[in-house]
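Asks: The chain contents come next:
There are 2 protein chains.
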Amino acid sequence: MTYDLYYWPGIQGRGEFVRLALEEAGAPYRDVARSDEAGGFEALHDLLAEDGPRPAFACPILRDGDLLIGQTAAILLHLGPRLDLAGEGAAQAIRTHQMQLTIADAVNEVHDTHHPIAVSLPYEEQKPEAARRAGAFRAERLPAFLGWFEHVLATNPAGPGQLVGRRLTYADLSLFQLVDGLRYAFPAATARVLAGTPHVAALHAAVARRPRVAAYLASERREPFNEHGIFRRYPELDG
Amino acid sequence: MTYDLYYWPGIQGRGEFVRLALEEAGAPYRDVARSDEAGGFEALHDLLAEDGPRPAFACPILRDGDLLIGQTAAILLHLGPRLDLAGEGAAQAIRTHQMQLTIADAVNEVHDTHHPIAVSLPYEEQKPEAARRAGAFRAERLPAFLGWFEHVLATNPAGPGQLVGRRLTYADLSLFQLVDGLRYAFPAATARVLAGTPHVAALHAAVARRPRVAAYLASERREPFNEHGIFRRYPELDG
Numbered sequence: 005m006t007y008d009l010y011y012w013p014g015i016q017g018r019g020e021f022v023r024l025a026l027e028e029a030g031a032p033y034r035d036v037a038r039s040d041e042a043g044g045f046e047a048l049h050d051l052l053a054e055d056g057p058r059p060a061f062a063c064p065i066l067r068d069g070d071l072l073i074g075q076t077a078a079i080l081l082h083l084g085p086r087l088d089l090a091g092e093g094a095a096q097a098i099r100t101h102q103m104q105l106t107i108a109d110a111v112n113e114v115h116d117t118h119h120p121i122a123v124s125l126p127y128e129e130q131k132p133e134a135a136r137r138a139g140a141f142r143a144e145r146l147p148a149f150l151g152w153f154e155h156v157l158a159t160n161p162a163g164p165g166q167l168v169g170r171r172l173t174y175a176d177l178s179l180f181q182l183v184d185g186l187r188y189a190f191p192a193a194t195a196r197v198l199a200g201t202p203h204v205a206a207l208h209a210a211v212a213r214r215p216r217v218a219a220y221l222a223s224e225r226r227e228p229f230n231e232h233g234i235f236r237r238y239p240e241l242d243g
Numbered sequence: 005m006t007y008d009l010y011y012w013p014g015i016q017g018r019g020e021f022v023r024l025a026l027e028e029a030g031a032p033y034r035d036v037a038r039s040d041e042a043g044g045f046e047a048l049h050d051l052l053a054e055d056g057p058r059p060a061f062a063c064p065i066l067r068d069g070d071l072l073i074g075q076t077a078a079i080l081l082h083l084g085p086r087l088d089l090a091g092e093g094a095a096q097a098i099r100t101h102q103m104q105l106t107i108a109d110a111v112n113e114v115h116d117t118h119h120p121i122a123v124s125l126p127y128e129e130q131k132p133e134a135a136r137r138a139g140a141f142r143a144e145r146l147p148a149f150l151g152w153f154e155h156v157l158a159t160n161p162a163g164p165g166q167l168v169g170r171r172l173t174y175a176d177l178s179l180f181q182l183v184d185g186l187r188y189a190f191p192a193a194t195a196r197v198l199a200g201t202p203h204v205a206a207l208h209a210a211v212a213r214r215p216r217v218a219a220y221l222a223s224e225r226r227e228p229f230n231e232h233g234i235f236r237r238y239p240e241l242d243g
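In order, the protein sequence lines correspond to chains H and G.
Residue numbers for the first sequence, in the numbering used here: 5 to 243.
Residue numbers for the second sequence, in the numbering used here: 5 to 243.
Misleading hints may appear alongside valid ones.
[Unchecked claim] Some residues of chain G that are not near chain H, with every Cβ distance over 12 Å (derived): (1) Met5; (2) Pro13; (3) Ile15; (4) Pro32; (5) Gln75; (6) Asp88; (7) Ile121; (8) Gly163; (9) Pro202; (10) Ala218.
[To be verified] Now the stretches of chain G that chain H is said to cover, found in silico as 3 or more residues with beta-carbon under 8 Å: (11) 58-69; (12) 91-102; (13) 105-115; (14) 131-142.
Since the hints were made in silico from the structure, they are not lab data.
Note that the structure is a prediction, hence the values are computed from the model and not measured.
Even glycine gets a Cβ: it sits at the ideal position worked out from N, Cα and C.
I would like the entire structure built from these sequences, with the hints used as guidance.
Replies: Quick look at the structure:
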């Protein structure tokens, strides 16, 4: 069973949360838009075209056999039990999903630090607004989100090494990605917050050391962060 | 089995998506912060306090027995099969959830039309930015979101009366709420878009006519829209 992942080439974007789950599990998948053999960018374009099937409002989209699933968190909800990344039992599965959705909220807010007015406008046309929004994000939202995840880790009855229960879930991989991106985009502000959220910092480091994740991060499959994705390093937005 | 819903009193907010599902199903629930008997606002405050259990980053939170679940979409994921509002089979359940997450994205964008800079600042301190963001929302995002849902309804093999399969799901109730809020917040812009998305308009009207939903909307339990919630009528943001 080979999964097909449809996502924009050239950025990590929201597709990266799906890639990390597939990579950690060692699951076979094709990154369609990056693979000529799988159809390349044209296959992605055809799926989303105005007169195409449009199975989702936006990428990422996962194909699992006949099933086409959109929305990052819905894809991970589907993959979770199949990749053994959804904890143990129904209560842990729903808790894992709650974590993922909170990470998604944080990711949306990161995106809007450089695009507070319109996704259709380049950053250069919304810089004063971006500076204001990024200031509020650094001062209020960044500590609030990472502070809450620190609380979740510190109060996990099974220990602070993972968000839910005693086993790695897709939410841990996603929290790694959120922290990794924040360290890229806001190195100074993130370092200050992580100094007060040691369990979050430790989880980020531990996930990066997992053999399959480490191999993936060192591979060409891991697109570097850049200024076209969600996490962008604009020094004027850090501080 | 009585559910407890924890959400801010005085607004519909994201709690409304949960209320609509519970009301349509006729499920017994207590709206804790509005009920002195259930503990009132203090019970909500204690749950989220800095030294409290903080089971979620934010409201709404649902208590189902020993389980406390945060995140609107995770709550609906949990309730879906219990209230018979998740379609038929696993493929429809995940499709229903994908729809819900896309509605949640639209709701976030609506919120940011009046709060493009910071949730901590009042609208009055971000009015020029709000005018810009609302303009882009009306011109690009509103037609994009409702246009995609129109496509989903028009191409549903079971008919355009519901988003997934042949039965009502929580995603239909949520799309009703999105459209209802858009009609309140942006009456002119929404009327223009709905003229081109007849299936979306028809779904909104059909949900409002369902006996339990109609009874709920006419009751005191339905908080009116106001300028403290997600959907706010600021005439200068419509057009």
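Asks: Out of the numbered hints, which ones does the structure contradict?
Replies: 5, 7
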